[in-house]
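Undergrad: Here's the letter readout for the chains.
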Amino acid sequence: MPEAPLLEIRNLCKRFPARQGREPPPWVIRDLTFSVNDGEFLTIIGPSGAGKSTLLNMIAQIDVASGGEIIFQGTRIAADDPKAMRPGLDRRIGYVTQDDLLLPWRTTIDNVLFALEVQGRLDDKSRAHAAMLIEAVGLKGYERYYPHELSGGMRKRAALIRTLVYDPPVILMDEPFAAVDAQTRMQLQEDLLRLWSLGRKTIVFVTHDIAEAIVLGDRTLVLTRQPTRIAAEHVIPFPRPRDVKHFFATPGFADIYERIRAEVQ
Amino acid sequence: MRWRKHLDRLVVLVVLVALWQVASYILGSYWVSSPWEVTSRFFASLWSGELIRQSGYTIEESFVGAVVGGVPAVVLPFLLRRSPIMTAILDPFMVGGYGAPKLALAPLFILWFGIGTESKIALVASVLFFVVYFTTLSGVRALDAKLVQMAQVMGASEHQVARHIVFPAAIPNIFAGFRIGLPYAIGAAVIAELISSNRGLGYLVQVGAMNFDTTQCFVAIAAATLIVHAAGWMVDATERLLLRWRPAGDSLVPASGN
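In order, the protein sequence lines correspond to chains A and B. End of the first sequence = 265 in this note's numbering, gap-free, step of one. End of the second sequence = 258 in this note's numbering, gap-free, step of one.
These aren't lab readings, by the way, just hints derived from the structure by calculation. The reader is advised that the hints may include incorrect statements.
[Stated by the list, open to error] Only part of the chain A face toward chain B is listed, based on derived beta-carbon distances under 8 Å: (1) Pro87; (2) Leu101; (3) Leu103; (4) Val118.
[What the hints assert, rightly or not] Not the full set, but computed from the structure, chain A residues with beta-carbon under 10 Å of chain B: (5) Pro47; (6) Phe114; (7) Gln119.
Cβ coordinates follow ideal geometry from the N, Cα and C atoms, glycine included.
The whole structure should be built from the sequences, with the hints applied where relevant.
TA: As structure tokens, this is what we get:
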């Protein structure tokens, strides 16, 4: 383990502002502390409504914290000052959201190249990289299709590689595979693990699916209900590469699954 | 059954023309010109070039007015997007301007800009501006904030967000504004010509009425109607070209025809 973690969350708090004349709403997140190491695949699991999306929004700098600190590569981010927020932290934090949020007026290829385009990094090398990613997730032949012409699984793949293509050091993922069928989800998990093994990015992956948290992660954090805290932490000991489709048969899987299931209320 | 629909339309057309003919017969062609007279005068006037020349003036005024009124109406909501306070300050004035009867401004515009094209352009612009402003504004406001955040996370600047996210998202609303506003705007050009002018389709109507020549009035009105539909058709065609990315049958204002 490296000495300094890549990303540190310290005593992070969140409550939404009170409506006029009402009691302030309860804390969504209270004193949440954890860290993410460089190159680590961290999965976070929690019941729905546990503020998982809010947590990722705060790390991605598109939502303001009510207290606490976020430290990235040793530098403190002003997480609680809306004026100082820099979404994506100068392209160093990528974010794959629950909705694919593809731009409906852009074709698959133009969606995948969007980040490179606005960052002014569109050249032969980055185009070739994009073409490689498109092929790796089986979207070859669909480059000129608009999002509404793609299936749900294809849209998820396009949304995934659209962030991978510009290579941010950390990628946040908010239940990116929640809205697809079980078969497609396994395929997407396999794709993600294969892509991850190529680049070994740091990934923070939020899910409410226990099996998904185990099969993907190096380490899993279990969150409580609101106000959100860490209920437990598990190091996932299984070697990589992992066989997604037969992972439930791996010795020890059932044991860790049961332990986590008991902790997720 | 496509042919059945067209056949039924033909039947309705025949009935309408027959009713017109009957009205003309009963009231006298002096008051209501007959379909045949109007049709033959229409083509005679078309061949002589007179109808095309007069239509040209109306088209020119409408087109220049659409640019003068439409462009700021599209640009302004984009400039105001980042300042809700400014939008709120302007709002009552925009609502007031939208509600004001612009056709009543025609005599004033003629006083200020003369009886030439300028007064008509001003009227067309004032009619179109408010309609396009409000439809564009609603498009800019209805924008999915998540799309903007996604683009910002990926490193898009404010300018890039406006160009790559807000503008494409608002295009359907911009076109809806032109689709709704253009018939009124072209109508305004005709009305202004009618009040005071020495050319244009409105002038033809005015002269026709003065000479008790209802045929000429009908011909000019028919020409103005055709211009409105041609303009609508061009807006639709441009929209289709720009909105190829949309699923079929997903338009804010139904396209004319079919």
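Undergrad: Checked against the structure, which of the hints given earlier come out wrong?
TA: 5
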